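J.: One-letter residues, chain by chain:
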Amino acid sequence: MTRTFALLLALCSITGNLIAQTPPDPLGELAGATTRQWSVIGATSATGAACAAGEVQYTFQFKPAQVEVKQCTGGAWKSRTEAVTSWAANGKSGIAFGGTSYEVKSLPPNAPVCKGNANCVRLASVPDGKTDATTTIYLTR
Amino acid sequence: MEEPTKKGIDVSKAITPLLTVLGISVGAWQFTSQMSHESKMEFSRSMYNKKLQAFEQVGKAVGDLLIVPHDEQLWISAGDTLAFDSCLEAFRTCYWGVLPLVEDKAVEAAMIQFKDMARFYRRGENDYQDLAREGMTLMNTCNRSLEEHWQKKPKGE
Numbered sequence: 000m001t002r003t004f005a006l007l008l009a010l011c012s013i014t015g016n017l018i019a020q021t022p023p024d025p026l027g028e029l030a031g032a033t034t035r036q037w038s039v040i041g042a043t044s045a046t047g048a049a050c051a052a053g054e055v056q057y058t059f060q061f062k063p064a065q066v067e068v069k070q071c072t073g074g075a076w077k078s079r080t081e082a083v084t085s086w087a088a089n090g091k092s093g094i095a096f097g098g099t100s101y102e103v104k105s106l107p108p109n110a111p112v113c114k115g116n117a118n119c120v121r122l123a124s125v126p127d128g129k130t131d132a133t134t135t136i137y138l139t140r
Numbered sequence: 000m001e002e003p004t005k006k007g008i009d010v011s012k013a014i015t016p017l018l019t020v021l022g023i024s025v026g027a028w029q030f031t032s033q034m035s036h037e038s039k040m041e042f043s044r045s046m047y048n049k050k051l052q053a054f055e056q057v058g059k060a061v062g063d064l065l066i067v068p069h070d071e072q073l074w075i076s077a078g079d080t081l082a083f084d085s086c087l088e089a090f091r092t093c094y095w096g097v098l099p100l101v102e103d104k105a106v107e108a109a110m111i112q113f114k115d116m117a118r119f120y121r122r123g124e125n126d127y128q129d130l131a132r133e134g135m136t137l138m139n140t141c142n143r144s145l146e147e148h149w150q151k152k153p154k155g156e
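So the protein sequences, as listed, match chains A and B. So in numbering that gives the first Met the number 0, spot 5 of the first sequence is number 4, and the numbers just go up one at a time. So in numbering that gives the first Met the number 0, spot 119 of the second sequence is number 118, and the numbers just go up one at a time.
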């Protein structure tokens with residue numbers, strides 16, 4: 000009985016370790032359980048208020064997997080919705096929307112680019128073979 | 000009674016030059032095809048050597064970048080930034096100056112990702128392990144590209 004209990008305990012411990020080592024789901028990181036709104040670091044105006052050209056806000060939704068992209072054009076927010084898919088290749092994973100694949104990484108608040116924001120995430124585009132340029136988006140919520 | 004023998008001689012007289020011409024043609028075709036194969040192999044061999052030299056330069060640039068942080072510390076220190084920037088410049092020289100002639104799509108993507116990771120490491124967003132992993136991925140991709148060089152058939156074959 001004691002041996003069976005010890006064996007069960009060992010199995011639970013191994014399973015727990017394996018779960019703990021699994022990298023976080025990139026979409027889950029951005030959408031949480033339902034939805035989360037993110038804005039590009041440095042953007043100041045709130046939704047509904049007059050915005051500055053170039054400002055972008057992203058609202059990620061877990062189910063169905065999609066993102067609402069609000070872009071400021073001509074002083075007003077213009078919104079579009081894109082489907083989000085997950086990808087994994089060569090030991091890496093991430094999300095893809097709007098024809099671009101991104102790697103998602105949570106950054107520590109003390110990273111200079113986070114400017115002290117506690118919730119700081121980086122979306123780094125993956126080379127698509129068409130252009131040498133990659134895009135990096137820093138988001139906070 | 001002499002007619003059939005004469006006819007037989009005439010036919011053999013006609014066939015002999017034809018066979019000679021055919022033999023010469025086949026020989027010439029074989030020679031040309033062999034020469035063409037040889038020149039393709041020679042071109043492929045010289046491209047392989049160029050590729051190998053270019054990848055060696057990339058390997059050196061990657062290695063130089065990875066040994067800048069002393070004792071492989073996790074985050075870049077202020078004292079290492081100058082040397083790191085200089086090595087990153089050397090890597091970018093390889094990227095723009097040496098590789099475009101020989102690289103394939105996979106190597107190009109791996110180089111872009113290493114370049115981005117070096118930037119992220121420099122800005123304190125990623126640690127040394129991420130940079131080293133990306134460097135290893137790049138060198139493995141170069142290695143695979145060299146292996147595949149002999150496996151793929153030249154265009155038109």
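Honestly, the hints are just simulated from the structure, not real lab data. Small disclaimer: the values here were computed from a predicted structure and weren't measured. Check each hint, because a few of them may be wrong.
To be verified - Straight-line Cα separation of at most 20 Å, DMTMM-like style, residue types lysine to aspartate or glutamate; simulated pairs:
1. B:Lys-114 to A:Glu-54
2. B:Lys-114 to B:Asp-84
3. A:Lys-129 to A:Glu-28
4. A:Lys-104 to B:Asp-129
5. A:Lys-129 to B:Asp-79
6. B:Lys-114 to B:Glu-88
7. B:Lys-114 to A:Asp-131
8. A:Lys-77 to A:Asp-127
9. A:Lys-91 to B:Asp-126
10. B:Lys-114 to B:Asp-126
11. A:Lys-69 to A:Asp-24
12. A:Lys-91 to B:Glu-55
13. A:Lys-129 to B:Asp-115
14. A:Lys-91 to A:Glu-102
15. A:Lys-62 to A:Glu-81
16. A:Lys-69 to A:Glu-81
17. A:Lys-104 to B:Asp-126
18. A:Lys-129 to A:Glu-54
19. A:Lys-62 to A:Asp-131
20. B:Lys-59 to B:Asp-115
21. A:Lys-91 to B:Asp-129
22. B:Lys-104 to A:Asp-127
23. A:Lys-129 to A:Glu-102
24. B:Lys-39 to B:Glu-147
25. B:Lys-114 to B:Glu-55
26. B:Lys-104 to A:Glu-54
27. A:Lys-69 to A:Glu-54
28. A:Lys-104 to B:Asp-115
29. A:Lys-129 to B:Asp-129
30. B:Lys-104 to B:Asp-115
31. B:Lys-50 to B:Asp-9
32. A:Lys-114 to B:Asp-126
33. B:Lys-59 to B:Glu-41
34. B:Lys-59 to B:Asp-79
35. B:Lys-49 to B:Glu-146
36. B:Lys-49 to B:Asp-115
37. A:Lys-77 to A:Glu-54
38. A:Lys-91 to B:Asp-115
39. B:Lys-114 to A:Asp-24
40. A:Lys-62 to A:Asp-24
J.: Tell me, in ascending order, the numbers of any earlier hints that this structure violates.
T.: Of the numbered hints, 1, 3, 5, 8, 11, 12, 18, 19, 26, 29, 31, 33, 36, 39 do not hold.
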